[in-house]
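Since the structure of chain A is provided, determine the placement of chain B on it from the hints.
The listed protein sequences correspond, in order, to chains A and B. Under this note's numbering, the first residue of the first sequence carries the number 15, and numbering increases by one thereafter. Under this note's numbering, the first residue of the second sequence carries the number 15, and numbering increases by one thereafter.
FYI, nobody ran anything at the bench for these hints, they're computed from the structure. Heads up, some of the hints might be wrong.
Identical copies go unnamed one by one, so any copy, or any two together, can satisfy a pair.
With a Cα cut of at most 30 Å, we get these calculated BS3-like pairs of lysine-lysine [said to hold, decoys possible]:
| id | residue 1 | residue 2 |
| --- | --- | --- |
| 1 | LYS549 | LYS640 |
| 2 | LYS269 | LYS640 |
| 3 | LYS603 | LYS666 |
| 4 | LYS536 | LYS122 |
| 5 | LYS603 | LYS446 |
| 6 | LYS161 | LYS549 |
Just so it is clear, the structure is predicted and the values come from calculations on it, not from any experiment.
2 protein chains.
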Amino acid sequence: MSKLTDVPKRILIGRALRSDRLGETLLPKRIALPVFASDPLSSVAYAPGEVLLVLSIAGVSAYHFSPWIAVAVVVLMFTVVASYRQNVHAYPSGGGDYEVANTNLGPKAGLTVASALLVDYVLTVAVSISSGVENLGSAIPFFVEHKVLCAVGIIVLLTLMNLRGVKESGKLFAIPTYVFVVGVFVMIGWGAFRGLVLDETMRAPTAGFEIKAEHQGLAGFALVFLMLRAFSSGCAALTGVEAISNGVPAFRKPKSKNAATTLAAMGLLAVTMFCGIIGLAMATKVRMAENPAHDLLRNGVPIGDGYVQNPVISQVAAAVFGDGTFFFVLLAAATALVLFLAANTAYNGFPLLGSILAQDRYLPRQLHTRGDRLAFSNGIVLLAGAAGLLVWIYGADSTRLIQLYIVGVFVSFTLSQTGMVRHWNRHLRTEKDQAKRRHMIRSRAINTFGAFFTGLVLVVVLVTKFTHGAWVALVGMVIFYATMTAIRKHYDRVADEIAAPEGPSDDVVRPSRVHSVVLISKIHRPTLRALAYAKLLRSHTLEALSVNVDPAETKALQEEWSRRGIDVPLKVLDSPYREITRPIIEYVKGLRKESPRDAVSVIIPEYVVGHWYEHILHNQSALRLKGRLLFTPGVMVTSVPYQLESSEVARKRARKRQDWNAPGAVRRGPAERPKETRAPSAKS
Amino acid sequence: MSKLTDVPKRILIGRALRSDRLGETLLPKRIALPVFASDPLSSVAYAPGEVLLVLSIAGVSAYHFSPWIAVAVVVLMFTVVASYRQNVHAYPSGGGDYEVANTNLGPKAGLTVASALLVDYVLTVAVSISSGVENLGSAIPFFVEHKVLCAVGIIVLLTLMNLRGVKESGKLFAIPTYVFVVGVFVMIGWGAFRGLVLDETMRAPTAGFEIKAEHQGLAGFALVFLMLRAFSSGCAALTGVEAISNGVPAFRKPKSKNAATTLAAMGLLAVTMFCGIIGLAMATKVRMAENPAHDLLRNGVPIGDGYVQNPVISQVAAAVFGDGTFFFVLLAAATALVLFLAANTAYNGFPLLGSILAQDRYLPRQLHTRGDRLAFSNGIVLLAGAAGLLVWIYGADSTRLIQLYIVGVFVSFTLSQTGMVRHWNRHLRTEKDQAKRRHMIRSRAINTFGAFFTGLVLVVVLVTKFTHGAWVALVGMVIFYATMTAIRKHYDRVADEIAAPEGPSDDVVRPSRVHSVVLISKIHRPTLRALAYAKLLRSHTLEALSVNVDPAETKALQEEWSRRGIDVPLKVLDSPYREITRPIIEYVKGLRKESPRDAVSVIIPEYVVGHWYEHILHNQSALRLKGRLLFTPGVMVTSVPYQLESSEVARKRARKRQDWNAPGAVRRGPAERPKETRAPSAKS
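The shape of chain A in the complex, shown without the other chains (with noise of 0.2 Å):
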């Protein structure tokens, strides 16, 4: 039965459906690679500008440090790559960092990794459309023109798609993510061979600024404290190294080598790709500032409000292709397509995590079931609302949303590893083979180097970056936290409350005998029907009851009633201020007083009609009166259901939204079927 507030959705999403259905294929490590890559690949399109423009409150001359901080970005990337590798073996199933967390560190920590992940696929979204919009508008400048516009459309168009339930394809991911790939190798290599073999001087379009250093000088503590900031912002490359462990039974077999296969391939990428950027950054001169109006300067003058700083990316490739060549081009359209395909990842990844997360109590249950299209919907439009809100207030500044980011990610990454520790510490208590417990040991020393070096950069970034936004990021986790954790207390509360006695239960609950009742308004099909199934049910008494609103039309009700000599008395009830609920409700109080231990069943016939607009003139009373019913104890309530001629379009409709598929089906492989119980099952 189609509702209200379904209109407006179907309108925008769209009735018409797939019918064909994923799951069954699994991926094979090329198209897995881009497919789980597109996010961490896709954040050297911001990473290194932000090392530069931290660097830049020094000075040009603190550009000189963006190799060190490449170095300790590359250490991290190997670090993290390294202790992922372990969770894809030691978990296969594909239960990520929550899963992780939750199992070695308990449910607190594991709540903890939660809230961290969701606040961050809330941050993916908008960073990566910013910085998409942004290197769109490096090749045309309408798109910086009206960045929080394109931002918010942008948002729009994906979450309308992924309501809708686009086909997820391999394909669809590869293509875009090698041609970014392949583009920045080329520029990489082209960049050297013209600087380093034919000897030619490559020139950024800002390589003539100069910039005014915000604090000149800056030695000892502060310097220290700038190049760690400078480090937190370089670790944006970071984020979503952990999607791949989160998705190994989407892999072929074997799937944890091919997964950390995978894995070690993307960093040995992400890595690559950064320090071939920084490098050519600095080869070409590239200069960026955090506030270009005032603190670049050309020709000694500060460049003003009108200038747009574009990314690095988009410099170095003007520098090394020349601006506005088809090169130049098409490298902005892949980096600005793989930016969104990285903010697609998101809409995957949050409602998948909601799913699992309600399988443990923390959200509403019914996100759990697969499929579910209005739970899947619901967590949609919550993600783009507030990437979507996050955009307007920060003005689609992807510089300005990095500052919220990546806090969430190293909660994860440290919770994660730690888990882990404690994961091959429960292990090798048991284990006796020693060539497994070398492996573990060696695992283990590995996931520890991992819990460490990761717990220190969250530290790093927590100080580096608290005021300047990651406070926002604190704030989003500690409501998620705190949201999940009363709906687990409320379904915690119910549990106890509903559970099952020990022993015989049945003396506890069951009454001695049924009183049925049905309600008549008129003598049509739909009540005969109800009348004929209710002396089907032969329960121990049964009565029609019909409500007295119009004197005459009960009058005419008895009359056919004894006319066409129905063998159920009919009971009629007076009302004098022509209500339905409340007269019946106090009947079955009635006769609930009467003999307690009885149940009575109220049997209701109903219309079933095809469109909404039918739906409100018709069983409003019979709705009204069902919700008041279920409030009265010991009363069952039947809808015995008559499907006007109408209804057939609605369970048309029915029946094809059924077919729909949940986004981010292909990377979460395929359903596992559920061998066990198949023997039950076919004999009950």
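Just chain B, lined up with the frame of chain A:
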């Protein structure tokens, strides 16, 4: 159970509701008069001004026609009152114009009257409130300075009051109405005394202005047309006269006689006040113009945009009592209050008419049930929304809004009187008693004249006002008419479809056996209760059904099932995609296919919770499943509710909500106690 959409409503409208009941108190004439007459009496606050305004088009010299127009209005008023006195005697049930037209002229005429009345209720709100704000503004300029804001604010206030279900008491109506009536009479008397006995010269604030005639020296047809237009505007004094004919049941016995007397008193008061105000306006030289900024001249110069043209009644009061004196302010306040009360009568009349139309299946059926809060609320919100829109579009300018008014009233006057003529004709055909026949012939003569005169006025109103705004009212009527016809058509089609065949009908729809299925997710009190109830129902076969979405949970369920020794077979359905609805629907369809003559009873355990936010945490799959099952033929769906502790809150709230009184209860009189059916209902 509360719904999500209730929450904003509840915040605005509040939860507390009176539990005492009205409806048993009948109105004495002295209270009935103000209850029913606030609408027609209040119209003397604007009708005289409208007459002068239209006449001013031909210059101030045309003002000397105003007594003639007053005479015409008086004759019309007496005609209408005399006609409706016949209605009141002939239809003591309080049927009103809709019933009269429907019974005597057929459903199309009835529906036309209903559409006209619905439109006029909207306009009553818009005009009365705009005029009330203008009258308030003559004492406190703030109100005219923020006219639209104030008018919309008062609409919102009235709407909230009516949604909350304010206790209607006769006193509430009586005090301001009598203050207003006495105030106007004191003003007329004191004005006459000062003018005629003391021979003082009273001058209205606008007495010194000249009027620049838009059409100087109008003569012949043009002059007649203008006078007819002025008369049409004066007819605004007639609106609301028909209200008493709807409210006969609210009077003390002898109901019809008392109602007729009250009607006559009301007519007399209205014409006296109308003529008195016109007379005083002439004596104090009130000057009004359609376009005061350009057409009112002070010392030969147009008065300009800053000028606010106060209503005639306040200008006269300023002349008689003195501007700003206590009596002046008191009268302005009483006038405004009576106008707001007049608007409030539409809030009662609109849903009341809706309920009568619902009885005839022109509107959704649930509107018929008295005290159906939700239905009344929808009607009230629709009325307020339409009136608010008009106020906003027309800048809360009563003069412009009055152009739309009156058309509807005269449509219903004319059709109602025509219907009465038919009524008497029909009765005369069978009536033999000569005394009664003479009486009927007299009544028929009155109604015939009424029909002819009001029909003529309708034509005049249509012709003179069509382009000025009457077309908007006609469009509104067409929309109501078309909607109600479509709804009736739908109900008729459904009624045909579900009509019970004659003869022993059981064989048409009667299934032979019932196969019961209890849905189980876990073993807890709600499912145990559902199982116990299902067993009591003694259906032909009974099984428990569970969907395997998580193999571990399913295994645990099966183990507990056998451990507890539950004597119902448990069947487990596979669900590779973790769906719940689809496997169950397919299983049920399979059962039906195996034995098409059997019915399937699906029994669903449900939790009942108290808060809407709890509600979204539970039963969502059950709800969706029930929705789908209703489309499956041969199925009945039984909810076995389990009331959680928190449900107590909601139960109490629902009970409170039921003790709500629909607005309009005083005017409608007590509910009829259906006496005929009391005997049969005592024994079933």
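Should LYS603 paired with LYS446 be assigned to within, between, both, or neither, using CA atoms and 30 Å as the limit? neither (67 Å within a copy, 54 Å between copies)
Which holds for LYS269 with LYS640 at a C-alpha limit of 30 Å: within a copy, between copies, both or neither? Answer is neither; intra-copy 51 Å and inter-copy 40 Å both fail.
How would you label the pair LYS603, LYS666 (within, between, both, or neither) given a Cα cut-off of 30 Å? between (40 Å within a copy, 15 Å between copies)
Regarding LYS536 and LYS122, is the shortest C-alpha distance of 30 Å or less found within a copy, between copies, in both, or in neither? between (58 Å within a copy, 26 Å between copies)
I want to check one pair: LYS161 and LYS549. Are their C-alpha atoms no more than 30 Å apart within a copy, between two copies, both, or neither? neither (68 Å within a copy, 65 Å between copies)
Using 30 Å as the alpha carbon limit, work out where LYS549 and LYS640 are close: within a copy, between copies, both or neither. Classified as both: same-chain Cα gap 21 Å, cross-chain 22 Å, threshold 30 Å.
Going down the numbered hints, you'll see the structure goes against 2, 5 and 6, while the others check out.
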